[in-house]
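Peer 1: Chains as they are written, first to last, in UniProt numbering: chain E, 1 to 216; chain C, 1 to 216; chain B, 1 to 216; chain A, 1 to 216.
Hints were generated in silico from the structure; no laboratory data involved. All values reported here derive from a predicted model rather than from experimental measurement. The C-beta atom is built at its ideal place from N, Cα and C for all residues, glycine as well. Incorrect hints may appear among the rest.
[As the list claims (entries may be wrong)] Straight-line Cα separation of at most 20 Å, DMTMM-like style, residue types lysine to aspartate or glutamate; simulated pairs: (1) C/Lys25 / C/Glu137; (2) C/Lys26 / C/Asp16; (3) C/Lys26 / C/Asp44; (4) A/Lys101 / B/Glu192; (5) A/Lys25 / A/Asp154; (6) C/Lys101 / E/Glu192; (7) C/Lys25 / C/Glu35; (8) B/Lys101 / A/Glu192; (9) E/Lys101 / C/Glu192; (10) A/Lys26 / A/Glu137; (11) E/Lys25 / E/Asp44; (12) A/Lys26 / A/Glu149.
[As the list claims (entries may be wrong)] Not the full set, but computed from the structure, chain E residues with beta-carbon under 8 Å of chain C: (13) Pro103; (14) Phe106; (15) Asn110; (16) Tyr111; (17) Leu113; (18) Arg199.
These are the residues of each chain, in order.
There are 4 protein chains.
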Amino acid sequence: MRFTEQLWQEISPLYDAILQHGFVKKLTAGSLAIETFQYYIQQDALYLVDFSRALSQLAARSAQPDEMLLFCEFAQNAIRVERSLHETYFTRYNIEPQTEKMPACFAYTNYLLATTSLQSPAVGVAAVLPCFWIYREVGTYIYQRAVSENPYRDWINTYAGPDFDRVVTQMLDLTDRLAETAGPAERAGMREAVRLSSRLEWSFWNDAYTQTRWPV
Amino acid sequence: MRFTEQLWQEISPLYDAILQHGFVKKLTAGSLAIETFQYYIQQDALYLVDFSRALSQLAARSAQPDEMLLFCEFAQNAIRVERSLHETYFTRYNIEPQTEKMPACFAYTNYLLATTSLQSPAVGVAAVLPCFWIYREVGTYIYQRAVSENPYRDWINTYAGPDFDRVVTQMLDLTDRLAETAGPAERAGMREAVRLSSRLEWSFWNDAYTQTRWPV
Amino acid sequence: MRFTEQLWQEISPLYDAILQHGFVKKLTAGSLAIETFQYYIQQDALYLVDFSRALSQLAARSAQPDEMLLFCEFAQNAIRVERSLHETYFTRYNIEPQTEKMPACFAYTNYLLATTSLQSPAVGVAAVLPCFWIYREVGTYIYQRAVSENPYRDWINTYAGPDFDRVVTQMLDLTDRLAETAGPAERAGMREAVRLSSRLEWSFWNDAYTQTRWPV
Amino acid sequence: MRFTEQLWQEISPLYDAILQHGFVKKLTAGSLAIETFQYYIQQDALYLVDFSRALSQLAARSAQPDEMLLFCEFAQNAIRVERSLHETYFTRYNIEPQTEKMPACFAYTNYLLATTSLQSPAVGVAAVLPCFWIYREVGTYIYQRAVSENPYRDWINTYAGPDFDRVVTQMLDLTDRLAETAGPAERAGMREAVRLSSRLEWSFWNDAYTQTRWPV
Numbered sequence: 001m002r003f004t005e006q007l008w009q010e011i012s013p014l015y016d017a018i019l020q021h022g023f024v025k026k027l028t029a030g031s032l033a034i035e036t037f038q039y040y041i042q043q044d045a046l047y048l049v050d051f052s053r054a055l056s057q058l059a060a061r062s063a064q065p066d067e068m069l070l071f072c073e074f075a076q077n078a079i080r081v082e083r084s085l086h087e088t089y090f091t092r093y094n095i096e097p098q099t100e101k102m103p104a105c106f107a108y109t110n111y112l113l114a115t116t117s118l119q120s121p122a123v124g125v126a127a128v129l130p131c132f133w134i135y136r137e138v139g140t141y142i143y144q145r146a147v148s149e150n151p152y153r154d155w156i157n158t159y160a161g162p163d164f165d166r167v168v169t170q171m172l173d174l175t176d177r178l179a180e181t182a183g184p185a186e187r188a189g190m191r192e193a194v195r196l197s198s199r200l201e202w203s204f205w206n207d208a209y210t211q212t213r214w215p216v
Numbered sequence: 001m002r003f004t005e006q007l008w009q010e011i012s013p014l015y016d017a018i019l020q021h022g023f024v025k026k027l028t029a030g031s032l033a034i035e036t037f038q039y040y041i042q043q044d045a046l047y048l049v050d051f052s053r054a055l056s057q058l059a060a061r062s063a064q065p066d067e068m069l070l071f072c073e074f075a076q077n078a079i080r081v082e083r084s085l086h087e088t089y090f091t092r093y094n095i096e097p098q099t100e101k102m103p104a105c106f107a108y109t110n111y112l113l114a115t116t117s118l119q120s121p122a123v124g125v126a127a128v129l130p131c132f133w134i135y136r137e138v139g140t141y142i143y144q145r146a147v148s149e150n151p152y153r154d155w156i157n158t159y160a161g162p163d164f165d166r167v168v169t170q171m172l173d174l175t176d177r178l179a180e181t182a183g184p185a186e187r188a189g190m191r192e193a194v195r196l197s198s199r200l201e202w203s204f205w206n207d208a209y210t211q212t213r214w215p216v
Numbered sequence: 001m002r003f004t005e006q007l008w009q010e011i012s013p014l015y016d017a018i019l020q021h022g023f024v025k026k027l028t029a030g031s032l033a034i035e036t037f038q039y040y041i042q043q044d045a046l047y048l049v050d051f052s053r054a055l056s057q058l059a060a061r062s063a064q065p066d067e068m069l070l071f072c073e074f075a076q077n078a079i080r081v082e083r084s085l086h087e088t089y090f091t092r093y094n095i096e097p098q099t100e101k102m103p104a105c106f107a108y109t110n111y112l113l114a115t116t117s118l119q120s121p122a123v124g125v126a127a128v129l130p131c132f133w134i135y136r137e138v139g140t141y142i143y144q145r146a147v148s149e150n151p152y153r154d155w156i157n158t159y160a161g162p163d164f165d166r167v168v169t170q171m172l173d174l175t176d177r178l179a180e181t182a183g184p185a186e187r188a189g190m191r192e193a194v195r196l197s198s199r200l201e202w203s204f205w206n207d208a209y210t211q212t213r214w215p216v
Numbered sequence: 001m002r003f004t005e006q007l008w009q010e011i012s013p014l015y016d017a018i019l020q021h022g023f024v025k026k027l028t029a030g031s032l033a034i035e036t037f038q039y040y041i042q043q044d045a046l047y048l049v050d051f052s053r054a055l056s057q058l059a060a061r062s063a064q065p066d067e068m069l070l071f072c073e074f075a076q077n078a079i080r081v082e083r084s085l086h087e088t089y090f091t092r093y094n095i096e097p098q099t100e101k102m103p104a105c106f107a108y109t110n111y112l113l114a115t116t117s118l119q120s121p122a123v124g125v126a127a128v129l130p131c132f133w134i135y136r137e138v139g140t141y142i143y144q145r146a147v148s149e150n151p152y153r154d155w156i157n158t159y160a161g162p163d164f165d166r167v168v169t170q171m172l173d174l175t176d177r178l179a180e181t182a183g184p185a186e187r188a189g190m191r192e193a194v195r196l197s198s199r200l201e202w203s204f205w206n207d208a209y210t211q212t213r214w215p216v
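My request is simple: use the sequences and hints to build the entire structure.
Peer 2: In structure tokens, the structure reads:
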């Protein structure tokens, strides 16, 4: 069994919890409250900037020039997507940019930055993997079920499309390659990183759905 | 007005929220549930290891040998305190070591690691400051009010004692010195870091009090 | 006077030493020994991979998304140039890839990696600046004087061309912007970084010219 | 064969070159020119500050609290030794503190900082190992042969003494433990790091002996 197949088995309870979450159900049905989507997009814009930083750190630390090039491109894309959020959704839905990270976004971005700063590239790659992988799976899942008049159709199409699929396949292949040469402790660290980031994916959607703010 | 005086004004609402929190009130009254204290100590042991890492990063990045030496000592002490937790409270209260960081501990430690990895030493120093400073203030506050038969007397004495006071004074002096030579953007970053860590101090106590677990 | 104008004054003795160096003189005259050029290209290929890492670290640490995007592109370009060296010069001159960094390349790459890991982004930007700036100046200088039948014409055209000029202008503008908000200690660090990297540029050419090897 | 035994075999040509070097020969005979010793001590003071930074980075990145504690102590000691150089040799021999790192010191410190920033802790530990190990071996070698009226007796005694021996034993044991769990690529990285730092040890002494200055 490929390492990433084993990973998927391990995070499938978290993936199921995401699919069962009200955010995803209402996004599929096209009935997600606009306030929920606004919160989500505001936090996503903040997330993507730090996600790009994490990817640049992986570019700096990767052993092979091929991997460096891949992460340079992914880091660039994260900023480009952040910009296109502003040009599309922020304008379309009249969203004010938010400057404060809410709890899930705060926890997730700091986890990615700390992990890509201090852990091995293999563990860092595992930490950024769920943001690619789960989005493709959730995007495809919603795409197949979404009502045609869905107001969030553009968002859904992005993550269910072939360009994003290609990126995810590259990430999965790289993860498998890195797992092959990793020692047992490092491989355990990779599995833990995938589990933690998958949980934080759930938290990210849950924060938007529940409009979570800092209590103090 | 000293920079740290200005900082204290800014975080005083957060400090007040901590003093008003059930955790601190019951700790003072000696009526804190043992389960709450256990959760707190388990998470504190996990916190201290990463707090030590953050301090070692400040040792590595500080400009002056004096500062490097200070942070080497603080990093060492954090590990020593983590060990003494095991030798005292874990044994006394029959606490099992916890291996999973709960939400507040997870957010706080990753924030400290990310900040000391990626931000300037001045901002990193600001990020670790509240853990010293707020503990001294809360420790002293509780010490002056605690019932004499308080089962948590040892814990209280630690943070209200002269050794810890000396450490906090060193941290405050250093923060003021670094603020003097920082540019305006860096000084703004320092203030933001103190605010974020102070909020996370509240969250850390709140998680113990509410026995917060990860929902997924 | 712009900060970068002041920088140029400070490094002009180093720039003059580069222009007077046998490597540059013979490159201009088209009489550079093929062994010298081979050594240079071998080391340059090793240099560019780590230069890309340094640029990715600046992408990760830069405050503004615009700056992050710029350094993602520069980091990508460094790897692309490294590849094109292999496709062109390595093939054309039958050069074997070298795996060991010689003294100047070793010192320079480790300096860039250490500085972009541990110093502020402004100092890191200053450290990578001379590799852009001095190459444009030397490239243009040689271009204006080079004999037309120069066997190294392609190399010269690259660094004297408009694409590279645009990149250098972006780097200089960014350096000036960062210097404006830097405190005095940070600005001194920027000047020192430009001086050290300019010296290492000289050493890099000198090592090729003298075919320097490690004595042990 | 222990991993560190294999390492010693690999670096024995470099170790032999150090023993045969004029610096070590004259240090043993007590005939080392005072200018040579001054240069060496000036550069050593600069080296130790960055060596301490590298050790603090290993403290921050080590997986186990025991290892973190060890590197906190070593990082502290490096600063203490740096200070005692000033209090003893700088005063005794009327040495002016030098602020500019000469080529070997520059290359070595940047290599240690870059490696402990970007490589795994195992490779970082391997990079700092020769500074401990080779000094013990050279110190002991000289101690056994030094003339009794040697003006550099204090220096020799330090590195041939039991305190330093204990530190080196801890470093060697740790290196062996880390090599056991490292994958093949990481183990190859460890061997390369030991080779590079051993070479830089030679360069450090050689620079002092030849009074090397930057040519530009």
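Peer 1: Is C/Lys26 close enough to C/Asp16, meaning Cα to Cα at most 20 Å?
Peer 2: Holds, because 15 Å separates the two Cα atoms, which is no more than 20 Å.
Peer 1: For the pair we were handed, C/Lys26 and C/Asp44, check the Cα-Cα distance against 20 Å.
Peer 2: 18 Å, holds
Peer 1: Would you mind confirming whether the straight-line C-alpha gap from A/Lys26 to A/Glu149 stays at or under 20 Å?
Peer 2: Given that 20 Å is the threshold and the Cα spacing comes to 13 Å, the pair holds.
Peer 1: Mind checking the CB of E/Leu113 against every CB in chain C and telling me if the closest is under 8 Å?
Peer 2: E/Leu113 check passes; min Cβ-Cβ to chain C is 4 Å, inside 8 Å.
Peer 1: Quick one, are C/Lys101 and E/Glu192 close enough, alpha carbons at most 20 Å?
Peer 2: 12 Å, holds
Peer 1: Need the status of pair E/Lys101, C/Glu192: alpha-carbon distance at most 20 Å?
Peer 2: It holds: about 12 Å lies between the C-alpha atoms, which stays within 20 Å.
Peer 1: Under 8 Å, Cβ to Cβ, is where E/Arg199 needs to be relative to chain C, so tell me if that hint holds or is violated.
Peer 2: 6 Å, holds
Peer 1: Can we keep the E/Tyr111 interface hint, with Cβ of chain C closer than 8 Å?
Peer 2: 5 Å, holds
Peer 1: Hey, E/Lys25 versus E/Asp44, does the alpha-carbon distance stay inside 20 Å?
Peer 2: 19 Å, holds
Peer 1: Is it true that the CA of C/Lys25 sits at most 20 Å from the CA of C/Glu137?
Peer 2: OK: C/Lys25 and C/Glu137 at ~14 Å, within 20 Å.
Peer 1: Classify the hint on E/Pro103 as holds or violated, based on whether any CB of chain C lies nearer than 8 Å to its CB.
Peer 2: Since chain C brings a Cβ to about 7 Å from E/Pro103, closer than 8 Å, the hint holds.
Peer 1: Assess, step by step, whether the Cα of A/Lys25 is no farther than 20 Å from the Cα of A/Asp154, and give holds or violated.
Peer 2: Holds. A/Lys25 to A/Asp154 sits at ~17 Å (cutoff 20 Å).
Going through the hint list in order, the structure satisfies each hint without exception.
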